[in-house]
Amino acid sequence: MTVFDAYILKIAEYVEDMRAQGRRIAVFNVPASVKQLKEGLPVRVGPNANPGIILREDTYVELGNPEVGSCAFILFTDKPELVNDGRITVIGPDIKDSDNKSLPFGQVLLMGGTELGGREHEELKYLGFVGDQIEGYMVRSYTRSIWSRVSKDAAAKGFCLESLGRALMSIYKSGNTKIESMEALFVTSGRGDIKELDDIATQVQKITREIVRETWKIRGYDIDCANDCSSCSDKPVCDDIREVLRAKEKNEQKGEESYNV
Amino acid sequence: MCEECGIHEYEKPVIAVCGKGGVGKTVFSALLSKVLLEEGLKPLLLVDADPVGGLMSAIGEYAVDTLAGVRDRFISEARRGGKTGAGEAADQLDYFILKALVERQNYSLLAMGHNEEKGCFCPANKLLKNAIDGLIPVFKGVLIDAEAGIEQINRDITGRVTRVIAVVDGSKRSMDTLAMVVNLVGSSHVSVVANRVLTEVVLQLPEGVDLLGSIPENDVLRQFDREGRPLWQLPPENEALTAVRGIAKALVLF
Chain G
1 MTVFDAYILK IAEYVEDMRA QGRRIAVFNV PASVKQLKEG LPVRVGPNAN PGIILREDTY
61 VELGNPEVGS CAFILFTDKP ELVNDGRITV IGPDIKDSDN KSLPFGQVLL MGGTELGGRE
121 HEELKYLGFV GDQIEGYMVR SYTRSIWSRV SKDAAAKGFC LESLGRALMS IYKSGNTKIE
181 SMEALFVTSG RGDIKELDDI ATQVQKITRE IVRETWKIRG YDIDCANDCS SCSDKPVCDD
241 IREVLRAKEK NEQKGEESYN V
Chain X
1 MCEECGIHEY EKPVIAVCGK GGVGKTVFSA LLSKVLLEEG LKPLLLVDAD PVGGLMSAIG
61 EYAVDTLAGV RDRFISEARR GGKTGAGEAA DQLDYFILKA LVERQNYSLL AMGHNEEKGC
121 FCPANKLLKN AIDGLIPVFK GVLIDAEAGI EQINRDITGR VTRVIAVVDG SKRSMDTLAM
181 VVNLVGSSHV SVVANRVLTE VVLQLPEGVD LLGSIPENDV LRQFDREGRP LWQLPPENEA
241 LTAVRGIAKA LVLF
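Protein chains in written order, with my numbering: chain G, 1 to 261; chain X, 1 to 254.
Treat the hints with care, since some could be wrong.
Here are the simulated SDA-like cross-link-like pairs (lysine to any residue), alpha carbons at most 20 Å apart as the crow flies [what the hints assert, rightly or not]:
| hint | chain 1 | residue 1 | chain 2 | residue 2 |
| --- | --- | --- | --- | --- |
| 1 | X | K99 | G | K79 |
| 2 | X | K12 | G | G52 |
| 3 | X | K99 | G | R56 |
| 4 | X | K140 | G | D153 |
| 5 | X | K129 | G | G52 |
| 6 | G | K101 | X | L101 |
| 7 | X | K12 | G | P51 |
| 8 | X | K140 | G | R56 |
| 9 | G | K101 | X | L234 |
| 10 | X | K129 | G | K152 |
| 11 | X | K140 | G | E57 |
| 12 | X | K42 | G | R56 |
| 13 | X | K99 | G | V68 |
| 14 | X | K99 | G | Y142 |
| 15 | G | K152 | X | V138 |
| 16 | G | K206 | X | E77 |
| 17 | G | K79 | G | E115 |
| 18 | X | K172 | X | N183 |
| 19 | G | K101 | X | N183 |
| 20 | G | K152 | X | R104 |
| 21 | X | K99 | G | P66 |
| 22 | X | K42 | G | N65 |
| 23 | X | K99 | G | K206 |
| 24 | X | K99 | G | E115 |
| 25 | G | K152 | X | E77 |
Facing chain G, a subset of chain X residues (Cβ under 10 Å, in silico) [claimed, not checked]:
| hint | residue |
| --- | --- |
| 26 | N106 |
| 27 | S108 |
| 28 | G134 |
No wet-lab data here; the hints were simulated from the structure. All values derive from a computational prediction rather than experimental measurement. Just so you know, even glycine gets a beta-carbon here, dropped at the ideal spot from N, CA and C.
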């Protein structure tokens with residue numbers, strides 16, 4: 001069991017709650033393989049598919065502008081069956097219904113894999129920086145916030161939230177082969193609905209912070225150290241220790257590699 | 001790129017307006033940006049590198065967030081969170097730069113603002129500069145109203161400047177500043193605009209530096225400036241504006 005299992009269930013409850021409240025909900029089931037995911041896309045996906053920013057005047061719809069609110073996070077579990085592989089749930093209006101609008105935006109990505117654990121958190125987080133990887137889709141993120149724009153060209157080609165889900169799934173699955181199942185939830189229905197999602201995100205962030213703390217501890221850093229290292233007289237000592245730790249870690253890695261050979 | 005001075009050869013115009021304080025850099029930048037937009041150089045990115053936001057107010061705009069604010073936030077996050085904080089803040093730079101970008105139809109603005117965090121913080125400046133460089137490709141041109149000289153632009157804003165326009169008013173000090181700019185970037189990348197220079201004054205320009213044109217003293221412009229009215233609202237036939245149209249033509253951008 002991973003620490004996020006309870007929150008994966010909470011997300012399912014959240015969707016049901018939204019359904020009970022009469023929100024417009026669309027569910028898509030897309031193929032599992034990366035190849036098939038990419039085949040169904042109206043835009044290119046890959047490094048440099050969307051270089052630079054999309055200006056507001058070239059934007060068809062804006063999602064999660066800081067003025068309207070946003071929320072984004074990832075959840076993962078070592079029980080792939082907890083995640084409905086290929087399911088994309090959209091709560092609220094989709095891109096084609098939102099010409100020239102600025103919508104609040106919630107994005108939750110759920111991943112399952114028997115080998116997924118705390119060690120993968122960092123890698124999964126970095127896979128999420130897809131700023132330049134989806135043609136006609138610009139994304140900027142900040143802790144739990146996500147701010148994105150869909151270009152007029154991409155919207156004209158039929159890019160929708162199902163496409164976004166497909167694109168993200170293909171990026172994550174090809175980036176980390178430990179992901180066996182993946183699901184995406186997008187919420188555009190209103191600021192209040194995002195707020196509810198953000199309440200879950202706040203809890204998730206506390207756990208995430210703990211995972212990050214532990215990860216860095218293993219590497220020899222105490223991220224709770226509130227001191228300003230640059231003004232600390234012991235900085236050279238710490239720097240030396242860090243060098244030793246780095247070298248030690250390198251040696252251990254080498255040892256593991258030769259053992260594996 | 002020119003190997004000697006680091007100035008870029010023509011890709012797209014990234015123009016930096018420099019000169020001694022008080023020569024009229026901001027007024028010229030405001031008028032030139034209006035003319036560049038009239039001529040179709042859009043979308044245009046305007047960078048106000050003056051800490052007190054002269055260009056912003058000269059065209060009637062206001063920036064809530066500044067790049068200095070982004071930089072200060074980054075540094076304080078890095079202080080608070082050590083390596084992890086710095087890493088996270090670096091990931092978030094693009095988010096806050098987009099937030100600092102004032103976007104309008106056909107043009108966008110970035111205000112440098114005033115750094116509260118004292119000190120060099122070269123790595124932070126470099127990250128910020130890279131992020132600004134990342135914005136540039138989407139624009140047809142960039143105009144920077146620089147606080148001081150090209151060294152400040154290279155250090156803090158972008159290394160992609162293609163042309164430096166030095167504004168002079170005929171005074172010895174403004175000519176000394178011009179000489180300094182030429183010394184830094186080489187004469188082939190520097191052009192001069194004479195602002196409020198009396199017609200009988202003959203400017204002794206450094207060798208190889210071209211004079212793009214002169215802007216005459218103008219009462220209406222002076223009145224606009226005094227009253228804080230946006231200079232983009234000057235009457236189309238205004239003499240100073242007409243002079244800047246000539247200067248823009250001499251820049252051979254279109």
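Hint check:
no. : hint            : verdict
1   : X:K99 - G:K79   : 39 Å, violated
2   : X:K12 - G:G52   : 16 Å, holds
3   : X:K99 - G:R56   : 12 Å, holds
4   : X:K140 - G:D153 : 19 Å, holds
5   : X:K129 - G:G52  : 14 Å, holds
6   : G:K101 - X:L101 : 19 Å, holds
7   : X:K12 - G:P51   : 17 Å, holds
8   : X:K140 - G:R56  : 15 Å, holds
9   : G:K101 - X:L234 : 34 Å, violated
10  : X:K129 - G:K152 : 28 Å, violated
11  : X:K140 - G:E57  : 14 Å, holds
12  : X:K42 - G:R56   : 13 Å, holds
13  : X:K99 - G:V68   : 13 Å, holds
14  : X:K99 - G:Y142  : 11 Å, holds
15  : G:K152 - X:V138 : 15 Å, holds
16  : G:K206 - X:E77  : 18 Å, holds
17  : G:K79 - G:E115  : 9 Å, holds
18  : X:K172 - X:N183 : 16 Å, holds
19  : G:K101 - X:N183 : 50 Å, violated
20  : G:K152 - X:R104 : 17 Å, holds
21  : X:K99 - G:P66   : 8 Å, holds
22  : X:K42 - G:N65   : 24 Å, violated
23  : X:K99 - G:K206  : 26 Å, violated
24  : X:K99 - G:E115  : 38 Å, violated
25  : G:K152 - X:E77  : 36 Å, violated
26  : N106            : 7 Å, holds
27  : S108            : 7 Å, holds
28  : G134            : 6 Å, holds
When held up to the earlier numbered hints, the structure conflicts with 1, 9, 10, 19, 22, 23, 24 and 25 and fits the remainder.
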